[in-house]
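Add chain Y to chain H, keeping to what the hints say.
Same order as they appear, the protein sequences are chains H and Y. First residue of the first sequence: 0, per numbering that gives the first Met the number 0; consecutive thereafter. First residue of the second sequence: 0, per numbering that gives the first Met the number 0; consecutive thereafter.
Wrong hints could be hidden among the right ones.
To be verified - Covered stretches of chain H, going by a simulated chain Y footprint (3 or more residues, C-beta under 8 Å):
| hint | segment |
| --- | --- |
| 1 | 43-51 |
| 2 | 110-117 |
| 3 | 135-142 |
What the hints assert, rightly or not - What follows is a list of derived Cβ distance ranges for each label pair:
| hint | chain 1 | residue 1 | chain 2 | residue 2 | range |
| --- | --- | --- | --- | --- | --- |
| 4 | H | 195 | Y | 201 | 46 to 56 Å |
| 5 | H | 239 | Y | 91 | 34 to 44 Å |
| 6 | H | 152 | Y | 78 | 26 to 36 Å |
Stated by the list, open to error - Here's a subset of chain H near chain Y, in silico, CB distances under 10 Å, partners left out:
| hint | residue |
| --- | --- |
| 7 | 169 |
| 8 | 197 |
| 9 | 201 |
| 10 | 244 |
In case anyone wonders, no lab produced these hints; they're calculated from the structure. Even glycine gets a Cβ: it sits at the ideal position worked out from N, Cα and C.
Chain by chain, the residues:
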Amino acid sequence: MKTEGVGTGRWAAPEAAPVRRPVRWSGLLYLVLALVSLPFLLPLLWLFVSAFKSTSAIFGSPFDLKVSALTLTNFAQVFADYPFARQYFNSLYIAALVVPLTAAMAATAGYAFARLRFPGRDLIFILSLLAMMVPSELTAVPQFVLFSRLGLTNSHLPVIVLQIFSATGAFAVFLMRQHFITLPRELEDAGRVDGLGTLGVFWFILLPLSRPALATAAIFAVLNSWNDYFNPLIYLSREGLLTLPLALQRFTDPLGGVYWNLTLAAGVLVALPVLLAFMLAQRQFIESLAASGTKG
Amino acid sequence: MTSGARPSRPVLGRRALNRRGREGWAGWLLVAPYVLGMLIFVIGPLVAVLGVSLTQWSLLDAPRWVGLGNYARLAADPAFGRSAAVTGVFTLGILAINISVALALASLLNVRLRGIGLFRTLIFSPVVMPVVAWALVWKFLLQPEGPVNSGLAGLGFGGANLLFDPATALWAVILIEVLKAVGLNTVIFLSALQGVPPELHEAARLDGASPWQAFWRITLPLISPTFFLVFIVTLIGALKLFTPVYVLTGGGPADATTTLILYMFKQGFQFFEFGYASAVATVLFVAVLGLTLAQWALRQRLVFYED
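Extracted from the complex, chain H is given alone in its bound form (with noise of 0.2 Å):
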């Protein structure tokens, strides 16, 4: 299978020179971008400033930003109030496992795909390829059999587990072994020939050279633990081991009605680790992401 090809390199490339045209085309160009961004901006806008406002103000105007109308209150109170800390610790600590598992299993078993041979090797890969097209929605029901039957509804460890051995696990997979694989052999002969054994070479030779491929995964992991909502929704219930994705729908009144001030200050908290790592990584996480829709 060839995946290499459609680089997603020359993204940002073009931007360094600009060609020159009459002024008044690229003011209606501008013109044009700004209106069509708009969509996009205005959600996200709309969020960090509702956080700041209470409830009633949040259903008046969006652009009253008189310092007066800001608050912090919605922040303290969604700590003050629920367990907003304790769910926040949960999916901290859950991505903090989840991620550098992910990111071992991937090296090694993508290093035995690209370099090893031991029999059964290319039918395995062939499952995994299946394995990272099943949505994990559909093994649910044999799934939570399992681990009901283990008596682990209610722990995280089901989560932990299902977040590891996912699509987005083969994955990662699949990408180290693709990455594995343009290594050039030589570095590896050269390995042997100061008397490194295969898992020597491995560790001292090749896993150094891998730290954007290990980059890559390890985003995908972090995005998929952060967001993961479907088996949190089945597996827990408990208002103390919820994970953030769950414990955004709980700021409720008995009877359904949401405080929506909390709602999107507890949403700014979810959202904004994420945002300013994109922000910071920018082409990373664009070249990352763009290829798991060209190489999967």
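Below, chain Y alone, put in the same frame as chain H:
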């Protein structure tokens, strides 16, 4: 790809044999965690879904064998038929709108202009936005008295309630999902467009072709491998989309947005009809598998163009 140790191979040197043995051992050791995990948590359950779909089971009692009974029930179940129809509109709607908007945006963004990177970033940013947060912002904006509906009332469309009216809810969900995801396809199309040699357009222009003709006759054929990949990946993605729909509408109003994956979830985890839910899952799996195999076959044929 060479497959593993071949027993028929003539005598190998002792060193080579040792090396190969060690390599096989190391190979198995390195894939073992992944393979075991996938067998237990993915492949096993996938096979089990087929088995469970042949039973009636609420988890409280023992599963009762019903053969193809669940599938017969599916065929006669009007709610399943409606859900399949909703899924058809949903996936095709997302597919058509996402791909045409992504192509248009990519063409628009494929200009040399100072600051164009900012607009690319803006259009991509919803892609990284946590999906539940994105869905909840829109649910807020689409509250009965919320900004969008009151805005529409101001424009003379009084009484609009896009997300809670069975006539419009599905399309509201489709548009919200497209806004969230279209940045990804845009970036993919953009990099394909940037691979089209500008000389071709120059030549077409000199020959008197309009930009529209140039797009259909030159650009589109040249980016067709990317186009087909995006097409199938987007289609499969829409077919299995759960979270935004569930958060926005929960399948309502009046089941207007209950796609098959939501139907499966409701049957399994709200009504505890695990056998019936597994039959729905099996139908969906067959659809996804068929599309995936079609993608692989297409890819084999299109691989030539990918360089």
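Comparing the hints with the structure gives:
{"no.": "1", "hint": "43-51", "in the structure": "holds (count 4)"}
{"no.": "2", "hint": "110-117", "in the structure": "holds (count 6)"}
{"no.": "3", "hint": "135-142", "in the structure": "holds (count 8)"}
{"no.": "4", "hint": "H:195 with Y:201: 46 to 56 Å", "in the structure": "holds, 54 Å"}
{"no.": "5", "hint": "H:239 with Y:91: 34 to 44 Å", "in the structure": "holds, 42 Å"}
{"no.": "6", "hint": "H:152 with Y:78: 26 to 36 Å", "in the structure": "holds, 27 Å"}
{"no.": "7", "hint": "169", "in the structure": "holds, 7 Å"}
{"no.": "8", "hint": "197", "in the structure": "holds, 4 Å"}
{"no.": "9", "hint": "201", "in the structure": "holds, 8 Å"}
{"no.": "10", "hint": "244", "in the structure": "holds, 4 Å"}
When the structure is compared with the earlier hints, no violation turns up for any of them.
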